[in-house]
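Colleague: Here is what each chain is made of, one letter per residue.
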Amino acid sequence: MPRVRVHSRPVAFLPMLALALGAGQAFASQKEPFLPEWLHPDGAPLWFDIGEVVLALAVVVAVYGAIRYRSRLRPLVLAGESRYLKLVESAPFGVVVHRLGRVIYVNEHARHLFGLAGGAETQDLPLGQLAPAAEANGGEHPFATVTTSTTGMMPIVRIRRPDGSLLEAQTLTINNEFRGSEACLTFVRDMTVEMATQRELHESRERLAVALEAARDGVWDLDLATGRLGHNATFGEIIAPAGEAPADLSTWRALIHPGDRVQLEEAIAAHERDVTNSYECEMRIRLRDGSSAWILEHGRVASRSDSGAPLRLVGTVRDITIRKRAERRLEMRSRLAGAVMAARGEDIRSTIGEILRDLLDTPYACVGMFDRSGRLRLNCNCREGAGEASGDVLLAAEAIPGALQQVLATASPLVLEETGTGPDAPHAPLLGIRLSSGDRLLGLISVGGRPGGFQRTDAEALEGFAEDLGPLIRARLETEAMDAQLAQAQKTEALGVLAGGIAHDFNNILQAVMGFSSLARQDAGDPARLADDLDRVQKATVRGHDLVQRILQFSRSEGPEMDTLDPIPLVQETARDLAAGLPAHITLDCRVAPDCGRVRVGLLPMRQILRNLTQNARQAMETTGGRLTIVARPLTIEAEDGRFPREWFGRDVLEVAVADTGPGVPEEHRSRLFDPFFTTREVGQGSGLGLSVVHGLVTAIGGVVHLDSPASGGTIASVFLPRVPLIGRTAETDDTPVTATAGAGKRVLFVDDEDEIRELAVVLLGRAGFVVETASDGFAAAECIRARPGDFDVVVTDQYMPGLRGSELARRVAAVRPGLPVVLVTGMNEIPESPGAGASLFREVVTKPFTGTSLVLATCRAAGVAP
Amino acid sequence: MSRILVIEDDDEVRALLESLLTRDGHVVATAANGKQGVAAFLAEPFDLVITDIIMPEKDGIEAIMDLRRGRPDLKLIAISGGGRAEPENYLHSAQLLGANRTLRKPFTNEAIVAAVNDLLG
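Residue numbers (the numbering used here), protein chains in the order written: chain R, 1 to 867; chain P, 1 to 121.
Looking at chain R on its own, in the form it has when it is part of the complex (with noise of 0.2 angstroms):
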């Protein structure tokens, strides 16, 4: 152990020193010779005192023993001296040494500081040159001053480096030696980093405290144990502009609006349980004034308790009205918009008034338009069980109440604390405002019955509402005119398309009317080809009746009529037609259950129905081929089948339905397939009125039509219609056989203003043995009725006829002869008035034109008689 050895020397060595010099001592102190006498050195004889000789030799050991110690020592002492340096040379801070303002030794650390280059010279050099002080320090280096505050704290110094750069530092200087001899030696460390950021850390407080101040927030901090709040002075100015400011929670909270208290507890709480770093909330204040302010409180928990429940809340409050309001009325006015563009006509003035009523949370709101005789269109919307129901009044300018008339007459918001009395009287307080564009005046504005009565603030709103609604009310005034022209022009174009339709069947129809009328001419002379030709004429024209019937069943909103029928013989019919015109890629399934009961359809709204979903079926699958299933089955419908309506459950149907295997209908077009006029086809592939006029039929008639695109593809169009029970009539066609005498006499009074009617009548009955009288209008049927009433059998009626229409001539006929039957025959597809009231006035409806066969039969049936 070297450290040992070093020490144990001079240790031991003193004990010998101290040997040598007692020894010395006691012999001096004998005073006897020692040494013979000749050897004094003045000739005497040699004297030595003993004592002497000791402490000489005393010495000359102890001397002996320092050189030898010395010289022992010496290496230890170099090495220490060199591990000091080394140490010193490797501290990491500088170190400079220096001696009367001139450097003796500069560390490593130091020469890096300063900016010395690794093999400088630094000896002698002064101080100033090495660290040239930025600034003037008393005429001194401030290396040279030996620190002598106690407090440890080490002055900073600026020092300008050889590169120009700064360096700050602290500075450490104290005497010592170095070296062997006495020196000032200086720590230096490097503040530059520490300093910056020091700084930096300043400046963004001063930036934070400059940018509370610009952006006008309040600064609040509560101690939560107390309830005090300690506050800067802005949120003095925000919370209570005119007044003290809150010193506690408690006074602070009752200033928050009552509905918005709850969100900011909320919003404190879920703080507090450490779900959010901060909480914020937006909230209504009440100023001292009455008038609201809204301000964003936004704080956090700056401490807890050792529990972690929270002890203080620091944060800001920010006075946010203006972004408040902007942010409302920008609301407001979309609201508006969307309400004065989408509300239909009367509509619009109470949904205005709702907004209005929201608006400034008011029970009581009143919008007035003027209409183009210069009346006013009062709406007055009251909140349920304010005492007054909503409602629509139009008023002449006279009865327009005086409060309003002042409303209107003044271009800024005004406020009445009395309005009047009487039933008319607006709400007081009222506020209102006229409602104009530019200088139309369009109208006025007005909320009431507020129990606090209104503010500036209250008035700001009115005023920019009604700003908003004047240039939105006007323009749709003036889309209104444009509206019903554009209405009209769209009717005339839908027309246009579905006569474009119509035309190209209908001139199939004239062409063979005029072609084989014309042939029929020729064939005067031959029966056969007569009789052919003549066939075919009829043939068309009963196809002329058919798309007449066509037309008016999409055209009426009545429904088709009203006959029951079998729909097997016309689903067999629809699926043979269909056959024979199917290209090969395309297999027919017709699968008709055999009782299918009868349903109240009549037979050309069937037809079409059934032609138009076949015909659909088949262009969905013109290109991919597939199969085309019809099938048509009695079914009852389950409860809680989604497709049907409530009172359809339990009840017994007839299903149609038309199946396809082609793509399917994209869902982008299945909310569409109903509408009028909508084909996926090209120009001249289709009407477009396939599915719309099913959907029309199937709903007038009470059914129901579902479609469906499974996933697996293809296209289900199902139409449901409800089963009647039979009623012992047969469905008749042409070929009902009717005999010459089934009239077996029975007396008819057949009424029609046009003469070939009655003459077709006349004949056409005559042969079915029916004794036939007419009449050529309604008055004379009435009279020839009320003279002889016991003449007649049954009466047939035209419906539209000058003067005494049909059923009003049925309606005399049941006062004078009660139970007498009235057939109506009708070209117009409907039974007059109401079908209930129509259905007790005749006992028969026969639609026009009329066959031999649907007249007789009628007319047989209703007098009771078999055909």
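These aren't lab readings, by the way, just hints derived from the structure by calculation. None of the values given here were measured: they were computed from a predicted structure. Possibly wrong hints are sitting among the right ones.
[Claimed, not checked] EDC-like mimics (lysine to aspartate or glutamate), calculated; alpha carbons at most 16 angstroms apart, straight line:
1) R:Lys324 / R:Asp260
2) R:Lys324 / R:Glu460
3) R:Lys324 / R:Glu282
4) R:Lys539 / P:Asp11
5) P:Lys35 / R:Glu622
6) P:Lys58 / R:Glu622
7) R:Lys539 / P:Glu44
[As the list claims (entries may be wrong)] Estimated spans, in silico, between C-beta atoms of each pair:
8) R:Ala580 / P:Met1: 57 to 67 angstroms
9) P:Glu86 / R:Thr541: 18 to 28 angstroms
10) P:Thr108 / R:Arg643: 38 to 48 angstroms
[As the list claims (entries may be wrong)] A few chain P residues that don't get close to chain R, going by computed Cβ distances all over 10 angstroms:
11) Ser19
12) Leu42
13) Phe46
14) Glu57
15) Gln95
Glycine included, every Cβ here is placed at the ideal spot set by N, Cα and C.
Once you have looked at the hints, place chain P on chain R.
Modeller: Frame of chain R, contents of chain P only:
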């Protein structure tokens, strides 16, 4: 005796033309749409074709284009009762594509017979 092909989807009009032209002394074949018509035309020779314009499967305009191809001497009559557009619009297209005559429905028996005989004259 000329061979005439009538392409018309309407049963009655087709029957009328067939009857009318047969009486006038022509041999008449019929087809119910453009596709059938073109197939029939390729199967046997015809001197004249009367075609409707708006038909399923293949319309008259397409049919005329097919028929004209390789038979510049063929006589063609287009007939139409219109649809979404006036008959003239369709007939004008037919004329541009090579119909020798066009007739707007309804036409008289005399008009069609005259047109046929004129072209075959």
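Colleague: Each hint: holds or not?
Modeller: Structure-based check of each hint:
no.: 1; hint: R:Lys324 / R:Asp260; verdict: holds (14 angstroms)
no.: 2; hint: R:Lys324 / R:Glu460; verdict: holds (14 angstroms)
no.: 3; hint: R:Lys324 / R:Glu282; verdict: holds (9 angstroms)
no.: 4; hint: R:Lys539 / P:Asp11; verdict: holds (11 angstroms)
no.: 5; hint: P:Lys35 / R:Glu622; verdict: holds (13 angstroms)
no.: 6; hint: P:Lys58 / R:Glu622; verdict: holds (12 angstroms)
no.: 7; hint: R:Lys539 / P:Glu44; verdict: violated (33 angstroms)
no.: 8; hint: R:Ala580 / P:Met1: 57 to 67 angstroms; verdict: violated (30 angstroms)
no.: 9; hint: P:Glu86 / R:Thr541: 18 to 28 angstroms; verdict: holds (25 angstroms)
no.: 10; hint: P:Thr108 / R:Arg643: 38 to 48 angstroms; verdict: violated (53 angstroms)
no.: 11; hint: Ser19; verdict: violated (7 angstroms)
no.: 12; hint: Leu42; verdict: holds (17 angstroms)
no.: 13; hint: Phe46; verdict: holds (22 angstroms)
no.: 14; hint: Glu57; verdict: violated (7 angstroms)
no.: 15; hint: Gln95; verdict: holds (17 angstroms)
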